[in-house]
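Chemist: So the sequence lines, in the order shown, correspond to chains A and B. 419 is the number that this note's numbering gives the last residue of the first sequence; the numbers go up by one with no jumps. 419 is the number that this note's numbering gives the last residue of the second sequence; the numbers go up by one with no jumps.
The set of hints was computed from the structure by calculation and includes no laboratory data. Among the hints, erroneous ones may be present.
Derived contacts from chain B toward chain A, CB cut-off under 8 Å, selection only [claimed, not checked]:
1. 11
2. 12
3. 300
Note that the coordinates shown come from a computational prediction; the quantities given were computed from them, not determined experimentally. Don't be surprised by glycine CBs; every beta carbon is placed ideally from N, CA and C.
Chain residues, written in single-letter form:
There are 2 protein chains.
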Amino acid sequence: MYTTLPPTGMRDFLPREKAVREFVMSEIRDEYKKSGFTEIETSYLENIDNLTGGDGGENTKLIFKIMQRGEKLEKLLAGDAIHADDLADYGLRFDLTLPLVRFYANNRNELPSIFKAIQMGPVFRAERAQKGRYRSFAQCDIDIIGDESNLAEIEIIQTISSTLKRLGFGEFTIKISDRRILKAIVISSGFSEEVFGDVAITLDKLDKIGIEGIRKELNAKNYDTAAIELLLEKSAELESQGLEGIKEMCPEGYDNLKDILDVIGGLADTFKIVFDHTLVRGMGYYTSTIFEITYSDLGYSIAGGGRYDKMIGKISGIDVPAVGFSIGFERIVDILISEERQLNNAQKIALLFDDQKSISEVVTAATKLRQEYDIVSLYRMKKKLGKQLTQLDRAAYTGYGIFRSADEAIEVKPFEKNE
Amino acid sequence: MYTTLPPTGMRDFLPREKAVREFVMSEIRDEYKKSGFTEIETSYLENIDNLTGGDGGENTKLIFKIMQRGEKLEKLLAGDAIHADDLADYGLRFDLTLPLVRFYANNRNELPSIFKAIQMGPVFRAERAQKGRYRSFAQCDIDIIGDESNLAEIEIIQTISSTLKRLGFGEFTIKISDRRILKAIVISSGFSEEVFGDVAITLDKLDKIGIEGIRKELNAKNYDTAAIELLLEKSAELESQGLEGIKEMCPEGYDNLKDILDVIGGLADTFKIVFDHTLVRGMGYYTSTIFEITYSDLGYSIAGGGRYDKMIGKISGIDVPAVGFSIGFERIVDILISEERQLNNAQKIALLFDDQKSISEVVTAATKLRQEYDIVSLYRMKKKLGKQLTQLDRAAYTGYGIFRSADEAIEVKPFEKNE
């Protein structure tokens, strides 16, 4: 059965949407490049073992798997016990970080010792279909690999900030923390090191379930009541003390954030940067600095990232420090489209001709006009010229030229703007 | 097992390659837009029935299929007879034409009556792995939907020609023919209408197997010897007569090609357009005009396309005429890379600083420099400054600035070009 719809959760983009997407992509790319990042591209498909084996967290449950083919598949299906896991050899990438790490491990010798990478492209996740949640969406990442100092964090935050400002998002808030601080609070409250990850998963829900929800969930997980209460108390204390509150509990986290807050705070004008000890961020691979950007009163972040110093070592055997940030491309596009911002002021001309003109003359005339105007498109004149012109005006043409049998030259007239 | 390589036949792109790809993409997009084409994007995945059901020819054998997930998959695997075809619900697109046709059928009411579409993006084919044959590659298509006149062919050929010229491919040859001419020759030689497709498949191999090969293969297929000889004779005749030779045999094909050859021939300067009755082109969906572009003495085409007036009707029930052309993006990129053309002249500055300078001062200085230069990247000064500068020079930086403790301002010096 033939269907005209794309698969569930996948999208097609009409010209208007695609134009906004292309504009935003090229602005982001251009601003990233200004700071010395260079673009790479990785395969859309990855070997299935790479995708399922890492620190991908929840995402590993959402992999679109590619079936084996030909004889291999036939053999598997003819066998006695068929395991779903054996049937797939590749999968679609669910983020751009895992492919980057694989890419770096593979090409390290050809890359500079501090490698500043741009990656922009689609990722795929078999999410449960629901409004506003897509199963394919674009990400726009920058990463610095090979710099252990927090100059990497600073460069990345500065670059993302200038990119957001260029796109017209002036007033945003950068929330920043350090995984080591969270760990210090949890452990100094009486939890063991082993359960830190699990406690963090609950803490990550603060936005959604509040303090009472956290208390309830940790109790349900049967943790020591005294430890839970101490944790919540310490957290409340930090709320009022700010960065100074962790100076003694976690000096390395304090020093790291102090630097970053000072430098970025000094550059900030319309936006601001704040320490937020409640920040967790889901991915297991973050080792220290984590950050997130919120805009206006939207209930979600429009960019996020952090430092992942151990991930490359797991794959290549050699530890290499790394920091990355990802812009929520789809969210930014949605905001720009909903705000109906005017993104383009190209001169778009419709060249109308009648049947008395030979196609050869018309095409020659169009070729000439294309040297002068950004966009020139040919249309046969219809009988109801007035109606045709109204339609062209609506289709965002800025002007038109009429080329009739008697005309030697074409006079281009602008559409009168009524707005 | 973790591997650092992309899947077989898939590729990663290092910064240098990616820069060329991005440059070529943006040049193509820009030139397409000048002629009034607008870009759309379709889903990377398609419902599997769409992919396997159409006129995709050989490509339908090369689909990367996506496995069902969750309960559905479990149920299937628990069943008695497992069919490979049931296990997949989606597949990766193998070209951009089928998705375009589906897109058009779905969005027709929101599109102009003559719709000029740009589509650029990756397609996926599970080809047998071999040198230079990729399993994922980019296509850059333009299509005009809704214009039954050969102005559509002319607009498309003109646009592709100016795009190739812009990319520096001045001297190319456009080969053009009409499926109806081929059909007229085959049938007037004594073959039945039903076997036309099969005879055409053999004729398509002329480049590879020559006249003798054609004769042998048609004989092996047990066609009437007299018909085969007459076909080869007529074909040889056409070789010498050119377009005039088909004036009576196929008047509608003659009129169509005469128009196009006249108009494009008039515009041609460095390139040329020629009638080539031996052109076949593999896809079953072409109905009349077919074209192909060859460059220099490469043994393959760098662009190709044709008119497919029946394909949209098959899906939507309403016949809509359509013409399309696809640029062989990978081939063009390969040629540009092998010719080592200089594609970019951005001012790329390295800002070197020592530890006496605070990060805050350095970042502020870089922010200022970024208003003046295209690209500014920060580097800590190394002890062996001379060696560091040599490396930056090699990494295509055009200049550098040094920012030491005592410096108030930064003087940017160009790298001396030794070449």
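Chemist: Decide, hint by hint, whether the structure agrees.
Modeler: Here is what the structure says about each hint:
This hint holds: residue 11 of chain B has a C-beta 6 Å from the nearest C-beta of chain A, less than the 8 Å allowed. For the restraint placing residue 12 of chain B at the interface with chain A, the shortest Cβ-Cβ distance is roughly 5 Å, inside the 8 Å limit, so the hint holds. Evaluation of the residue 300 of chain B hint against chain A yields a violated restraint, the C-beta minimum of about 24 Å exceeding 8 Å.
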